Each structure stands twice: as structure tokens, then as C-alpha cells.
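*Asks:* Sequence:
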Amino acid sequence: MAARRNTPWSIEEVQTFLSLVADERIQRELEGPTRNDKVYKELSELLAAQGYRKTPQQCREKLKKLKSYYRSVKDHNGRSGSYNKSWKWFGKMDAIYGHKPASNGREGSLDSPTPSLEPPMEDDYVSISEEGSVTPDEAPLELAAASTPAPEAAPPTPAASSANMTPQRVFTGKRKRQREREQEHVTVLREMLAADVEQQELTRAQRERHHQMALDDAVRAREQDAALRREENAQAAAFNQAFLSTLSQLVQACGPSEIRADGLRIPELLEAILKLFPLDTYVDRPAAVMDLVPSDRQSGLAVPVWETYSGLLKEAGSDKPLEKVERFAFYERAKKSFAVVATGETSLYGNLIIKKGVIPAEDQC
Numbered sequence: 001m002a003a004r005r006n007t008p009w010s011i012e013e014v015q016t017f018l019s020l021v022a023d024e025r026i027q028r029e030l031e032g033p034t035r036n037d038k039v040y041k042e043l044s045e046l047l048a049a050q051g052y053r054k055t056p057q058q059c060r061e062k063l064k065k066l067k068s069y070y071r072s073v074k075d076h077n078g079r080s081g082s083y084n085k086s087w088k089w090f091g092k093m094d095a096i097y098g099h100k101p102a103s104n105g106r107e108g109s110l111d112s113p114t115p116s117l118e119p120p121m122e123d124d125y126v127s128i129s130e131e132g133s134v135t136p137d138e139a140p141l142e143l144a145a146a147s148t149p150a151p152e153a154a155p156p157t158p159a160a161s162s163a164n165m166t167p168q169r170v171f172t173g174k175r176k177r178q179r180e181r182e183q184e185h186v187t188v189l190r191e192m193l194a195a196d197v198e199q200q201e202l203t204r205a206q207r208e209r210h211h212q213m214a215l216d217d218a219v220r221a222r223e224q225d226a227a228l229r230r231e232e233n234a235q236a237a238a239f240n241q242a243f244l245s246t247l248s249q250l251v252q253a254c255g256p257s258e259i260r261a262d263g264l265r266i267p268e269l270l271e272a273i274l275k276l277f278p279l280d281t282y283v284d285r286p287a288a289v290m291d292l293v294p295s296d297r298q299s300g301l302a303v304p305v306w307e308t309y310s311g312l313l314k315e316a317g318s319d320k321p322l323e324k325v326e327r328f329a330f331y332e333r334a335k336k337s338f339a340v341v342a343t344g345e346t347s348l349y350g351n352l353i354i355k356k357g358v359i360p361a362e363d364q365c
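Just so you know, we're using UniProt numbering here: the sequence shown kicks off at 1 and counts up by one.
Treat the hints with care, as some may be off.
Have a look at the derived ranges for each label pair, beta carbon to beta carbon [as the list claims (entries may be wrong)]:
#1 Leu-244 x Arg-297: 34 to 44 Å
#2 Thr-7 x Lys-174: 54 to 64 Å
#3 Glu-201 x Asn-240: 32 to 42 Å
#4 Gly-357 x Asp-217: 38 to 48 Å
#5 Val-340 x Arg-297: 47 to 57 Å
No lab work stands behind these hints, which were simulated from the structure alone. This one's a predicted model, so the numbers in the text were calculated from it and none came from an experiment. Quick reminder that beta carbons are idealized off the backbone N, C-alpha and C, glycines included.
Go ahead and model the full structure; you've got the sequences and the hints to work with.
*Replies:* This is how it looks when you write it as C-alpha cells:
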């Protein structure tokens, strides 16, 4: 039954795992003649203490793959002169296994040209001939006999022919095992590359999630800020309205205050006032003048100052015409105003009532 695919090891897990394997006590137990089940169980428990959950079997397989790929890289770099392979775990693995003497333990030393996981080297000297088998003890003797000239010429014996074929068969067997070992290294490398790619995909997905969460938080923060600003503006508008209502009641109770501006004409004051206080835009006619009495209307009396007022109001942004209020109604309306400004205006029918509007919030600062 096929084994279940293991969870890829992260870089932090491999670093922690190699630091634990590098311990001298762990190395002695791994190189000992006894079984290493307890050692891998201890490694699993030590990883769990660091926050990484790996089974003893996963620890065994990971160490086997790391040692196999380390052996492949080291063999390649030892054979090729100019082109050397690089591997991010080579330094740590070489610090652990690069300077160990040959060992006969279960794990063996990686510096030894013949790891313990490979078949014994004495099999390389066994060759099968057409006539029969040649033992390791017989092969050197027959090779020596074949190389020594005989006093009389004699046809080659089957044993000599078999001995002469042995080096070629030995060379072929070594190359076959070397190819198998390289294929195993390639398989391990592909698995490690696949694990790295999968880990990179997981990391990228996690980064994208964090980025999206940050964007969502920023959007929510802006929405909350806009809601708070709307609430503050509504509260300010309600306060201003209540203040104006209270002020209006006080004015009606106490009467308007008188402001003396002797020597100044109304057009000059109106131009200055309109720069500071906008007119009310919610009424049909924010400015009112006293209408002509019937006799002056019949005589066709002209009032040029009204045209001056209309021009100043238009410059301030109000295109609405002046409201003409009957004489006594004008007096009653003036009594209820907030303030009465006494000027030095001498023009007939030059009296003027203006209604102040609301100052926008952006213009109050």
C-alpha cells in the first residue's frame, strides 16, 4: 500500500532538526550497533518541544534523504573539478558528517566511499563465466597465472578466459550501482524541490491573505472615520441650530443691540459685512428695503442706492432681487433684528435689512 504523502518540512523545522542531530550524544547513538527507534523517538519529542510535530518515522526518512543528497553533492564535487553543486544544507551536513572517520555502525560515515546501506564491496570481484563461477580467492591467482609467460605455448584454458573477463564485468557492475545511486539522489532531489515549491506556495498564499486582511482593515477604518465625521457634523449643526434659536429668543426679549457707525455709508459697510457673513440661501429674498410711500411712488421718485445694493449682493453670490417692505412693517421688522447699525447714510430710502445665513464648516477654521 502506498505511503501517505508527508507534510513538507519548513526551513525552520530542518534547521532545528539538524541542530538536534548534530548533538554528539545523538550521533553516538545513531552510529551504534543497536536499533535507532528510540533515537528517532527522542528527536521527535525534542522537535515537539520546539513547537514542530514530526513522527519518528518522518525524522528517520528526513535524515535519510538529507544524508543521501549530501552524499550525492559531495561525490559530484569530488569528481568534477570546475563545476560544483551548491545546496543550502551542505554546510550544516558537512559540519556533522564531513570529518567523521569510517564507522561500522548502522548509519555509517558519509566520508567512507562505501556506505553501509550499499551491498558489500566483495561482490564486485565475483564474475560469472561461460563454464562456471569464479570465487574471490581464485580470481587473483588465475590472473597472475595468465600474465606469467609459459615455457611452452598452450591454448588458453576456460579458467584463464574467465579470469580475463572479470575486470570488464566488475566495471560494469560498479557503473550499474552508481547509476542506481544517482537515480536515488535525483529522486530525493525532486522530492525536496517539490516540497520547497509547495512551501513557497503556502507562504505566498499566507502573504496574500495577510495583505487582503490589511486592506479590509484599512477600508473599515476609513468607513468608521467617515461615520464619526458625519456624526460630529450632525452634532455641530444641531448645536448651532439650538444656539441660534436661543439667541433669537434673547434678541426678541431684550431687543436689538445698537452699533454706532457714524460717518460710514451703508454700501461700504454692506461690502465689508458680505465678506464675513454669507446671506441666507433658504429664503426667497435675504435683503429687504423700505418701499416707497404712495406719494413718492406717484411722483416717480428714483432711488439709485437700491441699484448699488443689488450690485453688491450679486458680487456676493446672491442674484435674488431686493424685497420691498411697507414703511411701518419695515419698522416692526427692524425691532426684531439682532442688531441695528446707525450709519451716516443720507440717501432717501437707504435703510436695509439683511438676513445672515449659515457659515460652512470648512470656512469656520
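*Asks:* Does each hint hold? Answer for all of them.
*Replies:* Structure-based check of all given hints:
A hinted range of 34 to 44 Å for the beta carbons of Leu-244 and Arg-297 is consistent with their spacing of about 36 Å. Against the hinted window of 54 to 64 Å, the Cβ-Cβ separation of Thr-7 and Lys-174 comes to about 38 Å, which falls outside the hint. About 59 Å separates the C-beta atoms of Glu-201 and Asn-240, a value inconsistent with the hinted range of 32 to 42 Å. A hinted range of 38 to 48 Å holds for the C-beta pair Gly-357 and Asp-217, which are about 41 Å apart.
In this structure the hint that Val-340 and Arg-297 lie 47 to 57 Å apart at CB is violated, the actual value being about 26 Å.
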